[in-house]
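Undergrad: Here the structure of chain A is known, so what remains is to put chain B in place on it, guided by the hints.
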Amino acid sequence: MKAPLSWIKEYVNLDGLSIEEIARRLTMTGLEVDGILLVGLPKPEGEKHEFKYEGLSWDPQKFVVARVDEVMPHPNADKLVLCRLNDGASEMIILTGAPNLYPYKGIGPLAEPLKVAYAREGAQLYDGHQPGQVLTRLKRAVIRGIESFSMICSEKELGISDEHDGVIILDADAPTGMPLADYMGDAVFDISILPNMVRDASIIGIARELAAVTKRELREPQGLKLGRGTRLGELVSLEVRDPELNPRFMFGMIEDANPKPSPYWVQRRLSLAGMRPIDALVDATNYTMLDTGEPLHAFDYDLLVQRAGGSKPAVITRNAAPGEKLTTLDGNTLTLDESMELVCDSAGPLSLAGVMGGSETGIHAGSSRVLLEAASWNFINIRKTISKVRIASEAGWRFSRGVHPALTEYALSLCLRRMAEWAGGKPVDGVLDAYTRLQVDPLVCLSEGEIVSALGASIPLEEAADILTRLGFGCRVEEGQLLAQTPATRLDIGEGIIGKANLIEEISRVYGYDRLPAARLSSELPAQVGNPRLDMEERMRDILVSVGLQDTVAYRQTSPEREARLRPENTPDPTLEYVRIKNPITPDRTVLRRSSLATMLELLEHNHKFRPGLAMFELGPVFLPVEGQLLPHEALRLTIGMTGAREYPTWQTKKPEQMDFFDLKGAIEALLKGLHVANISFRPAQHPSYHPGKCAEVWAGEQKLGVLGELHPLVREHYEFDAGAVLTAEFDADLLIDLSQTLFDHAPISNYPSMLEDIALIVPEETPAAALEASILRAGGKLLVNARLFDIYRGEKLGEGKKSMAYQLTYQAADRTLTDKDAETIRNRIVRALAREFGAVLRSQ
Amino acid sequence: MPVLEQLEHEKTTALSELESARSEAELEAWRLAHLGKSSPVMLAFSALGSASKEERPLIGKSANAVKLALESAYAAKKEALRQLALTSSLEAERLDVTLPGRALRRGRLHPLNQTLREICRVFGDMGFQVYRSPEVETDDYNFTFLNMPPYHPARDMWDTFYTEKEGVLLRTHTSPGQIHIMRERAPEAIRAILPGTTMRYEQLTARSEIEFVQVELLVVGKGISFADMKGTLNDFAARTFGKDARTRLRPSHFPFTEPSAEMDVECFVCGGKGCGVCKGSGWLEILGCGMVHPTVLEYGGYDPHVFSGFAAGMGIDRSTLMRYRVDDIRHFRNNDVRFLEQF
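Protein chains in written order, with my numbering: chain A, 578 to 1422; chain B, 6 to 348.
In case anyone wonders, no lab produced these hints; they're calculated from the structure.
This one's a predicted model, so the numbers in the text were calculated from it and none came from an experiment.
Hints are not guaranteed to be accurate.
Claimed, not checked - For each label pair, taking beta carbons as the anchor points, the in silico distance ranges come out as:
no., chain 1, residue 1, chain 2, residue 2, range
1, A, D1119, B, P154, 42 to 50 Å
2, B, G306, A, G593, 47 to 55 Å
3, B, L91, A, A1383, 36 to 44 Å
Claimed, not checked - No more than 30 Å apart at the CA atoms, straight line, and that leaves these computed lysine-lysine pairs for DSS-like:
no., chain 1, residue 1, chain 2, residue 2
4, A, K625, A, K792
5, A, K579, A, K961
6, B, K248, A, K579
7, A, K625, B, K72
8, A, K579, B, K284
9, A, K629, B, K58
Glycine residues also receive a C-beta, built at the ideal position from the N, C-alpha and C atoms.
Here chain A stands alone, though its shape is the one from the complex (with noise of 0.2 Å):
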């Protein structure tokens, strides 16, 4: 909501505030402030502020209110005028080309001189004609033979709107010399409108929350009063067919009005406000709109007449028929459905109920009788409707936040009185209003021990009242008792315990909440049940960092076809179900991702170009759809990627190594350990996205943890990588918490001396290592307490398909030094056991 000062002014006295001050009343009370706009007034001294300034201070030197005495052709160009202006301090000759100035010209000494907005040499202005705003400063120019060095300006050069098809012509009592700011000056307060205070997308709204807390006098404007008779009955008839959708449909009229432009200040105000001024009587809706908050229709009625061919019109509010049409005043065709409220006559829709008028029956530059329409609607419906239509209009904002049904009679009376003001019109004798459902606003008592309870802080019941009463609620104090009756122009206040909440809040926020107390916790402190799983994540991430891995956070959206891109055929598996977004925000954000895989590769790709080598682990959800459930499973995966050199280059190390399978190996070992998961083992697999002999499982006992492996070629040529193994692990991290163990035994440490034998062993070459390791402890026994792989040698000596596996034994017993003797029996029952179980045999010694 844009307001304007001086419209706020009008109705509380904010003198001795600052623009500053004001804008920090208004934030504090709820209505936040997002910037303020100068148009003309100067921006607050001092360095610091608060809020976003922007717009154009007009120089008191420089800019005036001036008089155009005459207006007089130029002698060498048909479009420019010389005007005759008197500036309160001097009189001269002005150049201007202004199209609204062409019907003076050469007529004389004006009988009514104009008063116009004056700009002197070196006043700094936006410029006219360049697009959007761009300050320049007024400076000396010849034009046509005619030297220029100030001007009279329009709308767009002084910041007030981007109109710039003419000047300014101010109202006739404009003060000659006064400076231009003191006498319209402005700044405008852009104000976020919180859901509940809808009541204050209005400046009457915003002038009370701020006499409230300035605990200043607010002065309501008055509207005519409405008259009782019934001519207006005889004129138009009206028939609300469903209260429910619309409570309340009011008209009022006026005749004998002309649709003349509004008085200047009026168009400045309507302009700031964001609405563009038409003439005096469809502004004196939208001027009435942003003072109440309730939007009005204006139908020419003789237009009524002659759609009821003559006859007297019979409006009536109904749902549209399925498929009914409507032409909305912006030009488009509606094709409407049967859950949608329209305003019609016997000839059919006039209007989208509040949303927005027909383009047939609206007010036009003949329009002399109008027929004032003021109503309240159901605002869910009406919600129902925008959402559907997707029209954007001011009428529709407010219809679909709630609009109290009293405001209706406030509204019309206002706009009635403004409308022959303005438009020299007379309103008709008696009004039409069908208010079958009253709307009941709730009375809520509130006691001084539940306002200590809710803020732990006492207000006395008199100051609450007091406040509330600024508020515009009727209040009494009874028995220690609060009564306080809700305003009619509320809709926000509940009943009973709702209400009282609702109170404390009205009642706070205007006592300030900087003056509330605060204290600590004293309730009672609930069972502390930690998190466990939490922590166990946590631990994962702690080990990973520690072995080197940076830690990621992924995006949840992504698209079938990228996380296709793990498939060698590169397109979606049309049997996996997805969570869909309904309303994606990009085409490649359709589903919630499936493949935590896919995010990895995605993020290596992204980065591997930047970084010599990689190492990343990522842990977070993927979303998996469960058949005859409402919501996926969400399960937690881990994910680590690597790819690229070991180490950084450096002056030492010029060439590192490429990481490869065992480099990710390393990295899962250490995590397994870290998380003292029991019982592991590395299986080879296939997996459609792993070369086929270089990809494994990993199991714990007989439950698989996850999948670990080098790219698959295929799969590779997906993404762009440069040379070098890309390597990935994918686990089931839910899994992994199941059986991380954060209590388990430590191997003792023994204080007698370690031995150390070297053994190599010939195997068949399809041996697998851990089978061997497996083997070699086992048959060790408890005295060897170490089997450290150290060398694997292929050569023709050993013979086709063979391989040597050398290991370092560490013998080592707790209680006593071990002999060589001891060591040869354990070696030798080694030997036997694999000689068994591998056919292996010793390589020479």
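TA: Relative to the frame of chain A, chain B by itself:
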């Protein structure tokens, strides 16, 4: 006595020769020549027997003195040579210490996870326990149970991603967790922190994201007041932004709290003077909060006549952004290593 003169001469000569010894080898040659078996001093000792009875003690004493002098000079020289050798070998091993160190690969926590951990720790110290709930939610949990029935105007405050399944959406805030935990715990008291990823239908720009991490606080119990909320949040601000951090509460509106407020903290970049980060205002908006709405308590299974509570929510992305003056919120989920490596 010529012997005494010879000894005196030997001392002078030997000491002067020792002066010129420059290496271990030269020193050893000197030792053999002057302290060895056939050195003049040792010969003087062996010749003692043939000296006269009167001369013997004199020669013996003199020879002993010379021997001691030579031995001590030798020891001193040996130590000096050792020092010299050490000094020169140390000198030879001198490094250019300004050369870069080895580039170790270091893992780091993502900045969002760093902030999240810190916040969970701060609230954890105050007795708040972490509770999590799903990212895909029903319309009821995301809106209706939070006092926003269908078509409620406040729903406009959240631009929502809907799924193709009727009534299922991507949660727009962590607040549905309030209902989950209340229904799980009622009528027990609650002091919880609810972190998680949330999603909103926004244009992806430097200032707005479609996915971001939020943290929600929830306290429910008997006698919980606005003052408790203010105090708790002030303590959080003091822990996070320094003990002198000034805060203010501004009235605001959330359908699930009443009264509602936004909390600003004095800009920690400029100290409230006004800067680019706080856009000149001196204040940074850090969280929204309020007393839990009676309707929400009721949906959660608590009698609003007996129980009260407060809730607060903050954006982790936004606070991390402000903290490190990150100019583009998309950096967090683009995971560019050049960005992540800085944290």
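Undergrad: Indicate, hint by hint, whether the structure satisfies it.
TA: Going through the hints against the structure:
1. D1119(A) with P154(B): 42 to 50 Å: Since D1119(A) and P154(B) have Cβ atoms about 44 Å apart, the given range 42 to 50 Å holds.
2. G306(B) with G593(A): 47 to 55 Å: Between G306(B) and G593(A), where Cβ atoms are some 52 Å apart, the hint holds.
3. L91(B) with A1383(A): 36 to 44 Å: holds, 42 Å
4. K625(A) with K792(A): holds, 27 Å
5. K579(A) with K961(A): Roughly 26 Å separates the two Cα atoms, so the pair holds.
6. K248(B) with K579(A): This hinted pair is violated, its Cα atoms lying about 39 Å apart.
7. K625(A) with K72(B): violated, 90 Å
8. K579(A) with K284(B): Answer holds: K579(A) to K284(B) is near 21 Å, not above 30 Å.
9. K629(A) with K58(B): Between K629(A) and K58(B) the Cα gap is close to 116 Å, so the pair fails against 30 Å, i.e. violated.
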